[in-house]
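**Q** Sequence:
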Amino acid sequence: MKKSTLLKSIKNCVQACENLATMCSHSADFKMCKDCLSRAIDCADSGMILIMKLAEDDDQLHRNLVKQYISYCKTCAAVCSKYHNVIAEKAFHECNASIKACEQYVSEHVHCNQYAFIPNSPAFLVGEKLVSF
Numbered sequence: 000m001k002k003s004t005l006l007k008s009i010k011n012c013v014q015a016c017e018n019l020a021t022m023c024s025h026s027a028d029f030k031m032c033k034d035c036l037s038r039a040i041d042c043a044d045s046g047m048i049l050i051m052k053l054a055e056d057d058d059q060l061h062r063n064l065v066k067q068y069i070s071y072c073k074t075c076a077a078v079c080s081k082y083h084n085v086i087a088e089k090a091f092h093e094c095n096a097s098i099k100a101c102e103q104y105v106s107e108h109v110h111c112n113q114y115a116f117i118p119n120s121p122a123f124l125v126g127e128k129l130v131s132f
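Per numbering that gives the first Met the number 0, residue 0 is the first one in the sequence shown, and the count goes up by one each step.
Quick caveat, the hints were computed from the structure, so don't treat them as lab data. Since the model is a prediction, treat every value here as computed from it, not as a measurement. For every residue, glycine included, the Cβ atom is placed at its ideal position computed from N, Cα and C. Take these hints with a grain of salt, some might be off.
Here are the simulated lysine-lysine pairs, DSSO-like style, with alpha carbons at most 27 Å apart [as the list claims (entries may be wrong)]:
no. : residue 1 : residue 2
1   : K2        : K66
2   : K99       : K73
3   : K10       : K89
With beta-carbon atoms standing in for the labels, derived distance ranges [said to hold, decoys possible]:
no. : residue 1 : residue 2 : range
4   : A27       : E102      : 35 to 41 Å
5   : K1        : I48       : 18 to 24 Å
6   : K81       : K1        : 33 to 39 Å
All chains, full assembly: derive it from the sequences and hints.
**A** Okay, here's the thing in structure tokens:
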């Protein structure tokens, strides 16, 4: 998956969560506002941070930020999906699409710090001819 595709899915999710937060802040439904508002803001904020970090560092994956973003998206989708509202449903679908994109990108991304340097083992450790010192 291309990074631009990932960034676009995160941007769509951020926009949907921002719209949800705006709708919650103007809603007369206190329970919905209490449940969804903070979750939508957390998801949008973590998405914006992730977009900035991924855009500025071409060679870094920022796994911890991706995990945090996915966690906030899952929470937002789970809490806000029970409210049958067009904006809440859009946020739910955008969060799920972004989660799938993040998971696919992480699984396909090969990064140099995933490999550890293993020095050549001395011959006596690998079962070859025993060398006495």
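**Q** Given the hinted pair K10 and K89, is their Cα-Cα distance within 27 Å?
**A** Answer holds: K10 to K89 is near 13 Å, not above 27 Å.
**Q** Are the Cα positions of K99 and K73 separated by 27 Å at most?
**A** Given that 27 Å is the threshold and the Cα spacing comes to 11 Å, the pair holds.
**Q** Given the proposed pairing of K2 with K66, does the C-alpha separation stay at or below 27 Å?
**A** holds, 16 Å
**Q** Mind checking the hinted window 35 to 41 Å against the Cβ distance between A27 and E102?
**A** holds, 37 Å
**Q** Determine whether the Cβ-Cβ distance between K81 and K1 falls within the hinted range of 33 to 39 Å.
**A** holds, 34 Å
**Q** Does the Cβ-Cβ separation between K1 and I48 fall within 18 to 24 Å?
**A** At roughly 21 Å between Cβ atoms, I48 and K1 fall inside 18 to 24 Å, so the hint holds.
Hint check: no violations occur; every hint is consistent with the structure.
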